[in-house]
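Enquirer: As a plain string of letters, each chain reads:
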Amino acid sequence: MLETFGHLPVSWLLFAVVAAAGFVAFFVGRTNAVAIANGGTARLNSQPNYHGYFVAMATVVPAILVLGLYSLVGDSVVRGELANELPQRIRDLSQIELSQYIDRIAEHAARRDAQATGNALFDAASARYTDLLGISRLVAIALALLAAGAGFFMARRKLAVEFRARARVEDGIKLVLFLCAAIAVLTTIGIVASLLFEAVRFFSKVNFFSFIFGTEWNAQTGADFGAIPLFFGTFMIASLAMLVAAPIGLLSAIYLSEYASARFRSVVKPVLELLAGIPTVVYGFFALQFVAPVVRAAATWINALPFVPDTFLAAQPTSALAAGLVMGVMIIPFVSSLSDDVINAVPQTLRDGAYAMGATKSETVKQVVMPAALPGVIAALLLAVSRAIGETMIVVMAAGQRAQITGDPTADLTTITVQIVALLTGDTEFDSPKTLSAFALGFVLFIVTLIFNLIALRVVQKYREKYE
Amino acid sequence: MNSPDPQTPPKGSFVTEKALKRLKKRHAAEARFKFYGQAAIGIAVVALCTLLVSIIGQATSAFSRNVLSFDVTIAASEVDPEGTKDPEEIARNVSGFNLLLQDSLSEQFLPEDAGRPLQRELYGLFTRLAVLPIARKTADNMSTIGTRQTFDVALADDVDLFLKGGVTDRKNINLGGLQAITGSLEDGVQIRLKDDATIKRLDDALSDFTPEGTDTSKPTALVNIGDTWFRLAGRDGAALDLTYIAGTRSLPSEAAKTTALVLAQSQENRTLSDRQIAWTMILKKEGRIQSVFNTSLFTHSDSTYPELAGAAAAIVGSLLTMLITALLAIPVGIFAAVYLEEFAKKNRLTDFIEVNINNLAAVPSIVFGLLGAAVFINFLGMPRSVPLVGGLVLGLLVLPTVIIASRAALKSVPPSIRTAALGVGASKTQSVFHHVLPLAAPGILTGSIIGMARALGETAPLLLIGMVAFVAEVPDGPMDESTVLPVLIYKWSTGAERAWEPMTAAAIIILLIFLVMMNLIAIILRRRFERRW
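Here the protein sequences come in this chain order: A and B.
Position one of the first sequence corresponds to residue 6 (our numbering), numbered consecutively onward.
Position one of the second sequence corresponds to residue 2 (our numbering), numbered consecutively onward.
So that you can see chain B by itself, here it is in the shape it has in the complex (with noise of 0.2 Å):
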C-alpha cells in the first residue's frame, strides 16, 4: 500500500493547505478570546486588591497614635480652683487641666520672657481638648489630686502626622564631629565640621528637594548639635551660620554630636513650624513620645480634632439602627415570603405584589431617603437624625432582598414535606410552620444576614434623614441623635486636615471587619446547614 504524499492530500480531503491555515487562525482566535476572559478577571481581581490594599495601607497609620508621656503634680489649686471637689466640676474643667501641661512644657522649654507667639507655637503641639481623658481621670479617682502622676496625652494631629512621616518630605545626615563652633545664642552661632564630604552630602540633600524652576519653596536644614537645635541661615565654605531654635540655651560643646534634618519645605509651607519640629524632636529624643495603639479609635465619639476622634458613637448609632432595620425587616419579610410562596393564590393581586417587590429590590437606595425625608420626617413629624427614622428606611430597603432569598429557601424545601404533614392530619398554616420554616430557616438566616450587611454599608439614604449630623456622644438608645459607620466614613472622608485620611481609612476597616464577619457567619450557616433533598 502506498502512504499519502504529504505534499499533495488526497482529492475530497478537508485537510488543504488553506483549512490548516485557517485552522491555525481559528486556534489563534480561540487563545486570544481566552486571553481576553482571563485579562477581564484579572483586571478585577486587581482592582479589588488596589483598593483593599491602598485602604489597608493608609489605615495603618491611624491604629497608632504618638502620645506624650508627662509628669505632673495635680494641684488642686488648678484643677480644682473653686474647691468644689465635685466630680463632674473637675471632668469639665479643660482649662485647669490644660494649664498644668503647658506649664510643664514652657517649664522645659520657654524661656521667662517668652511671648504670647512662643507660647502658643508651643501649647500647639497638642490640641485644648488632649486632655479630657486625664481630666476624666482624676474626676474619677479624686485621691489622686495633690499627688504626681504620669499621664499620656496625645499630640496634635500635625505633629502625629510628622512623626509618622508625613507633613513635609525629610533626611537624615549626620554631620560627624564639629572642628569649631563660636557666636552665640543670641547673635548667631558659627561653626565648621570636620568633615568636608558632610557639607556635599548636605548640599545634595537641600538640592534634591529644590523644585525645578521655583524658587517660592526652599527647603530647610536643622541642625542639631547635641541638646540644642539651629536652623541653617547661611553657609561660607565649610562654615555654616546657624540661628538657634530650640533646646538646651547654650553654646554646645565641639564633641556633641551633630546631625542635620533637612525638610523638603520651609515653614511658611507647612502646618508644623521649624521650632515646633525641634521640641518634638527633643522630646522623642527624650523618649516620653510614644506610639501606642489607637484606643481612643474605638473609645472616644466624634470630635472637630482628628486626633481625639473616634468611632464610638458611630458604633453604637450603627448597632442601634440594625436593631431596628433588624426588627422590621426580618419578620416582615420571612412572613411575606411565607404568603406569597405558601398561601397566595395565583391571581392578578399576587403577580402585581410579585412584581413589585421586584422592583423594589432595583429602586436606587437614595430613593428610600427621599421617602423617609418626606414620609418619617415631614409627614409623619418623626425626628431627625434618629436609629428609630434611619432603621425603619433601612428595614423598607431591605425588605426585598430578605423576601427574595427567603422565598428560594422555601422554594427548596420539597413539597413531599408538605404532602407528609398534610396527610398526618396538619392544617396548611401548621405544614408551614412547624415543617416546612424550620427547614427552611438556614437559608431564610443566610439571606437575612447578608440583608442587614447591605444596610449597615447603607450611606446615601442616611444622609437625607439627617444622619449626618454631628454626634459627640454615644446615643442611649433609638430616639437619640445618632450617626452610623459609613456616614462617619463619609464626614471625616471630606475633612480638611490630611489627618482624616487614615481616620476614615481606619473607619473603613472597622465597617469592612463587621461585614466580613457578618459574610462569614452566612457563609458558615450555608455550608453546616446546607441539605441536599
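For reference, chain A alone in the conformation it holds in the complex (with noise of 0.2 Å):
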C-alpha cells in the first residue's frame, strides 16, 4: 500500500481530487444558500452563485497551501529521515556524498520497474525511500483533506441572508492578480539572488580585483579568470554593431516618419519589425555562413594590398566584425521603431513653427526635431546598446572564442555572454569555480544592461511627460 503510493504520478490525482472537492463545496454552498433564503434569493446580500464561490474557495485554497507547502519542504523531509535511517558508516560520509547517495537511492526507487541491484543495503533503502514518500504523501494528503474540510465548515457557518459573499470572492480575486503581478518582482528577485548568491560563492575562491581587472581568461580551465579581455571583447563588438545600427535605423526612422508617405510607411514599417522578429540563432548561422567568410575574405585582400603588410588584419574564419555587423542588422528594428515613437511625439506645431520661418524639411529635421526629440533617441540607443551586449547567439556562433585585447576588428574575439555558454553547456557542477564564474559574469552583465536600461526608461518617460 504504502508502495505503491509512494510510486503512484499524485500530483495528477490530488489536482482532480481538489478540483472535485471545489465543485462539491461550490454546489453545496450554492444550495446552503438558496436554502437559507427559503427561494427568495433576491433578499440575499450576494447571488447564490457567489456564496458557491466563497465556500469552493475556502475549501480548496487551503487544501493548495498544504499541498504546496508539501511539494517544497516535502521531499527534503523524506531524505532526512531517509539519512538517519542509514547506517552510521554512511551516515559519515561527507555532505556531497551522502546526498549523491540519497540521489542514487531516489532515482532507483522511482523506476518501477527497477530490478534488485543485489546490494541489501542500497535496495533496503530504496525500498524503505519508496515507503517513506508514501507515508509522507499519505500524510500530507490528510492534512490538506483536514484543512480543506476546516475550510469547508468554517466557510458553511458564515453563510447568511445579509453575508457578503461577493465582497469576499473578489477579495480572493484581487489577491490572486495581485500575486500574478508579484511574480514579476519575485522573478528579478529571483534573478538577483540566484546571480549574487553564486557570485558570491565565486569570488571567495577568487579575487574579486583579479577578476575585474585581470587581463588573462582561461576558465575552462580553471587557471586565469581576468575578464578584462571579456568585457573588451563585448565592448567591441556592441560598439560595431552599433556603427551599423544606430546611423541606418535613426536616418530609416527620419525618412519613415518624415519623409516617407503613408502607403510607403505602411509597407516598409513592416518589413523593418520583420527584422526584429527574426530568431537570433538564424542571424548567427547566417553570419557563420555568410558574412564571416566575406570579411574574411575582404581582409586576406587587405592584406595581400601592396603597401599594406602581410599580417595586418588577422582575418580569422570567425570575427568580431561578422558578428557585429550582423547584430547591427538585428539591432536597427529597435533604434528605429523606438526613435519613430519619439519623434513622432514631437508636437507637429513646433515644425508649422519651423516651416513658418522658410526652414526646408530636412532643415526642420535637424534643428527642430531632432533636438526636441534627442532625449527619447539617445534612450533608444541605449536601450539598443544593452541589447548588443546582453545577445548571445550571434556572438556564441559567429565572433570565435578567443579571449585577446585586440584592435582589429578581423580577429576572433569573446564576449561575456559567450563565455557562459561555453561554461555552462556540458557538465555543470556547482561547486567549481568554473562554473561559478559563469555567475559572476552574469551578475556582471545584468548590472551593466540594468544600468543601460534604468536611464534609458527613466529618459524615456520623463521626456513623454513634457509634451503630454
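Worth flagging that the hints you see were computed from the coordinates, not collected in a lab.
Using N, Cα and C, we set each Cβ at its ideal position, and we do this for glycine too.
Misleading hints may appear alongside valid ones.
[Stated by the list, open to error] Have a look at the derived ranges for each label pair, beta carbon to beta carbon:
no., chain 1, residue 1, chain 2, residue 2, range
1, A, Ile140, B, Leu130, 55 to 61 Å
2, B, Lys346, A, Ala303, 57 to 63 Å
3, A, Pro298, B, Glu89, 44 to 50 Å
4, B, Ser413, A, Ile140, 53 to 59 Å
5, A, Asn212, B, Leu328, 40 to 46 Å
6, B, Glu89, A, Asn54, 52 to 58 Å
7, B, Asp141, A, Arg206, 22 to 28 Å
8, A, Ile410, B, Ala234, 53 to 59 Å
[As the list claims (entries may be wrong)] Straight-line alpha carbon distances no greater than 20 Å define the calculated EDC-like cross-link-like pairs of lysine to aspartate or glutamate that follow:
no., chain 1, residue 1, chain 2, residue 2
9, B, Lys22, A, Glu368
10, A, Lys371, B, Glu31
11, B, Lys286, B, Glu342
12, A, Lys179, B, Asp352
13, B, Lys25, A, Glu368
14, B, Lys286, B, Asp153
15, B, Lys285, B, Asp228
16, A, Lys179, B, Glu342
17, B, Lys412, A, Asp346
18, A, Lys366, B, Glu31
19, B, Lys286, B, Asp72
20, B, Lys429, B, Glu531
21, A, Lys179, B, Glu355
22, B, Lys35, A, Asp176
23, B, Lys19, A, Glu368
24, B, Lys138, B, Asp87
25, B, Lys347, A, Glu263
26, B, Lys35, A, Asp357
27, B, Lys26, A, Asp346
28, B, Lys165, B, Glu498
29, B, Lys35, A, Glu368
30, A, Lys274, B, Glu531
31, A, Lys274, A, Glu263
32, A, Lys179, B, Glu343
33, B, Lys219, B, Asp242
34, B, Lys172, B, Asp196
35, B, Lys429, A, Glu263
36, B, Lys346, A, Glu86
Each chain sits in its own coordinate frame; assemble them with the hints.
Expert: Given below as C-alpha cells:
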C-alpha cells in the first residue's frame, strides 16, 4: 500500500481530487444559500453563485497551500529521515557524498520496473525510501483534506442572508491578481538572488579585483579569471553593431516619419519589424555561413595589397566584425521603431513653426525635431546598446572563442555571453569556480544592462511627460 | 509700369544672388538628406533579403534527398537469424538488413575476390543506419519476409551532396566516338579519340581546375565508355592511358559513347573516392538513384548522420515547451495586467512593480537561463533538458511582454464601458471580468501570440538548462528529455560535415514557417477585431 503510493503520479491525482472538492463545495454553498433565503434569492446580499464560489474558495485554497508546502519541503523531509536511518558508516560520509548516495537511491526508487541491485543495503534503503515517500504523501494528503474540510465547514457557517459573499470572493480574486503581478518582482528577486549568491561563492574562491582587472582568461582550465578581455570583446562587438544600427536605424526612422508617404510607410515598417522577429540563432547562422567568409576574404584582400603588411589583419574564420555587422542589422528595428515613436511624439506645432520661418524639411528635422527628440533618441540607443551587450547566439556562433585584447576587428574575440554559454553547457557541477564564474559574469552583465535600461526608461518617461 | 530688372533685384529684396546660391545649396542638402534616409531603408531591406535568400537557397537542397532503390528478397535467415518472429527483434536487426543491401550491391559491382578496403569503399555509399526505416517497415508487416520487395535507402550525405553539385567542382565533356581501344582492364587501357578537338576541350577543363602556383591538388578526369569507368592516367598526344575503376568488367566496344567527367580535386582531397563517384554515376544511369522530397526531415529525430537526421523530436519538444510557456505566461500575464491597470492604487509598491516589469522586459535572455540553471535545476533539483524547465524559463522571459501588451489592450477600452457596468450595479470585479476583459481580448491575444513567437525563437537560455542534449527519441511529455527547434539549429550549424549546412537551413525554414504562421494569426486577429472607439 505504502509502496504503491510512493510510486503513484500523485500530482495529477491530487489535482483531480482538489478540483472535484471545489465543485462539490460550490454546489453545496449555492444550495445552502438558496435554502437560507427560502427561495427568495433576491433577499440575499449576494447572489447564490457567489456563496458557492466563497465556499469553494475556502475549501480549495487551504488544501492547495498545504500541498504546495509539501511539494516544497516534503522531499527534503523524506531525505532527512532516510539519512537518519542509514547505518553510521554511511552517515559519516561527507555532506556531498551522502546527498549523492541518496540521489541514487531516489533515482532507483523512482523506477517502478527497477530490479534489485544485489546490494542489500541499497535495496533496503530504496524500498524504505519508497515507503517513506508514501507515508509523507499520505500525511500531506490527510493534512490537506483536514484543511479543506475545516475551510469548508467554517465557510458554510458564515453563510447568511446578509453575508457579503461577493465582496469576500472579490477580495480573493484581487489577491490572486496581485500575486500574479508580484511574480514579475519575484522573478527579479530570483535573478538577483541566484546571481548574487553564486557570484559571492565565486569571489570567495577568486579575488574580486583579479576578476575585474585581470587580463588573462582561461576559465575552461580553471586557471585564470581575468575578465578584461571579455569586457573588451563585448564592448568591441557592441560598438561595431551600434556603428551599423545607429545611423541606419535613425535615418530610416526619420525618413519614415517625416518623408515617407503613408503607403510606403505601411509597407516598409512591417518589413523592418520582420528583422526584429527573426530568431537570433538564424542571424547567427547567417553570420557564420555568409558574412564571416566575406569578412575574411575582404581582410585577406586588404592584407594582399602592396602597401599593407601581410599580417596587418588577422582574417580569422570567425571574427568580431562579422558578428558586429549582423548584430547591427538585428538591432536596426529597435533603434528605428523606438526613435520613430519619439519623433512622432514631437508636436506638429514645432515643425509648423520652423516651416513658417522658411526652413526646409531637412533643416526642420536637424534643427528642431531632432533636438526636441534627442533625449528619447538617446534612450533608444541606450536600449539598443543593452541589447547588443546581452545578445548571445550571434556572438556564440560567429565571434569566436579567443579571449584577447586587440583593435583588429577581423580577429576572433570572445564576449561575456559567449563565455557564459561555454562554461554552462555540458557538465555543470555547481561548486567549481569554472561554473561559478559564469554566474559572476552573468551578474556583471545583469548590472550593466540594468543601468542602461534604467537610464533609458527614466529618460523616456520624463521626456513623454513633457508634451502630454 | 516698368517691369523689374531681372539683373539687379530691387533693394531690400531677399532674392539676392547670394540668397539664390544659398537656396540651391540648401535644396541640395535637402535632397542629400532625403537620400540618406532612403539609403538607410534600402540597406536594411537588402540585408533582410540577403538573409532570407541565402538561407532559402541553402535549404532547397535539404528538402530533396537522393535515394537508392533496390530490389531484394527479404531472407528470413538474414533479418531474423534466430527465428524469433518478434517484430521488435527484427526492427532492431540493423546488421541483417545491412547485409542484404551490401550483398545486392557487391553482387553488382565487386569481383569475387574483392578485399576489405574495396568492400568498405562500396558500402560507404550509404550509412549503416540508413536501413532502419526498412527494418521498421518489415517488422510492421511481417508477411513481407521471404518475398521480393523494392526499397528506397537514403544515400550517404557525401554522395547526396555530390549529386546535388557539391563536394567538388566538375565538368562533363562529350569525347565523341573512339578510333581505337587496346590493352586490358588489368594492365591499363589505351584509347585513341576520333576527334582531336575534344582532346583540347579536355585539356582546357583540366587546366581550368588547376589552381595557380600549387601542384598539390590536381584535377582528376574520369572517363566513361559505355558502362565502364576509367581514370585518366596519362596522355600521349591523342592517345589516352586509362585505368579501370568500376563498371562492366570487359573491354568496351569502340562504338560506345565516351564521356569524361573532370573533377576539380583529386580523390585525396575530397570525401568521395573516384570509384564511389563512378558507382554513383552508374546507379544514376540505371535510374536507380532518384531525388525525392525529404520527408525524413519531418519524421525522423536527430541523428549523428545528416542524411538520417530530422527535426521531429525538436518540433514536438518545441510544442511541449511552448505549451508550458503559454500555461505560465498567458494567464499570469493577463491577471497581472488586470491588477496593474484596473485595481492597483497608485502607490510606491505598484510603481515598483511597474518599473520592475519594464526592466525585466529588457533583461538579456541569457540571464533567464542563469536563473533557470541556478533556481530550477540547482536549487529545486528539477531534471535538466526537459520541456518543463524550458517552458518555465521561457514563461518568465515572455511574462513582461504579455503584461505590457495586455495593459495596452486594457487601456484602449474606453472608461465609459466601465462606468456603464458600474452604473447598473456591477462590482468593480464584475465590470472588469464581464465587460472590459472580453473587449480587450483580441488585443491581449495578439500580444500573447507575439510573446509566444519570441519564446519559440529563443535559444540562449535553453542552452544553459541543458536542452542542447542529443535527443534521438520524440519526447512523450514535458518531463522527457528533449530539445527545441532553435537549439537544434544551433547544434546542426556546428556540425562538421558539409551536409549539415543545408539541413540547418531547412530547419531554419521550418522555424520561420512556424513564426510566420503565428505572426499571421496575430495580424489577422488584429485586423478582424480592431475597433475604434
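Enquirer: All hints, please: hold or fail.
Expert: Taking the hints in turn, this is what the structure says about them:
no., hint, in the structure
1, A/Ile140 / B/Leu130: 55 to 61 Å, "violated, 47 Å"
2, B/Lys346 / A/Ala303: 57 to 63 Å, "holds, 60 Å"
3, A/Pro298 / B/Glu89: 44 to 50 Å, "holds, 47 Å"
4, B/Ser413 / A/Ile140: 53 to 59 Å, "holds, 55 Å"
5, A/Asn212 / B/Leu328: 40 to 46 Å, "holds, 45 Å"
6, B/Glu89 / A/Asn54: 52 to 58 Å, "holds, 56 Å"
7, B/Asp141 / A/Arg206: 22 to 28 Å, "violated, 54 Å"
8, A/Ile410 / B/Ala234: 53 to 59 Å, "holds, 55 Å"
9, B/Lys22 / A/Glu368, "holds, 17 Å"
10, A/Lys371 / B/Glu31, "holds, 11 Å"
11, B/Lys286 / B/Glu342, "violated, 71 Å"
12, A/Lys179 / B/Asp352, "holds, 17 Å"
13, B/Lys25 / A/Glu368, "holds, 14 Å"
14, B/Lys286 / B/Asp153, "holds, 16 Å"
15, B/Lys285 / B/Asp228, "holds, 12 Å"
16, A/Lys179 / B/Glu342, "holds, 12 Å"
17, B/Lys412 / A/Asp346, "holds, 18 Å"
18, A/Lys366 / B/Glu31, "holds, 7 Å"
19, B/Lys286 / B/Asp72, "holds, 17 Å"
20, B/Lys429 / B/Glu531, "violated, 25 Å"
21, A/Lys179 / B/Glu355, "holds, 17 Å"
22, B/Lys35 / A/Asp176, "violated, 58 Å"
23, B/Lys19 / A/Glu368, "holds, 19 Å"
24, B/Lys138 / B/Asp87, "holds, 13 Å"
25, B/Lys347 / A/Glu263, "violated, 37 Å"
26, B/Lys35 / A/Asp357, "holds, 19 Å"
27, B/Lys26 / A/Asp346, "violated, 31 Å"
28, B/Lys165 / B/Glu498, "holds, 15 Å"
29, B/Lys35 / A/Glu368, "holds, 11 Å"
30, A/Lys274 / B/Glu531, "holds, 19 Å"
31, A/Lys274 / A/Glu263, "holds, 13 Å"
32, A/Lys179 / B/Glu343, "holds, 10 Å"
33, B/Lys219 / B/Asp242, "holds, 17 Å"
34, B/Lys172 / B/Asp196, "holds, 19 Å"
35, B/Lys429 / A/Glu263, "violated, 43 Å"
36, B/Lys346 / A/Glu86, "violated, 47 Å"
Violated hints, listed in ascending order, are 1, 7, 11, 20, 22, 25, 27, 35 and 36; each of the other numbered hints is respected by the structure.
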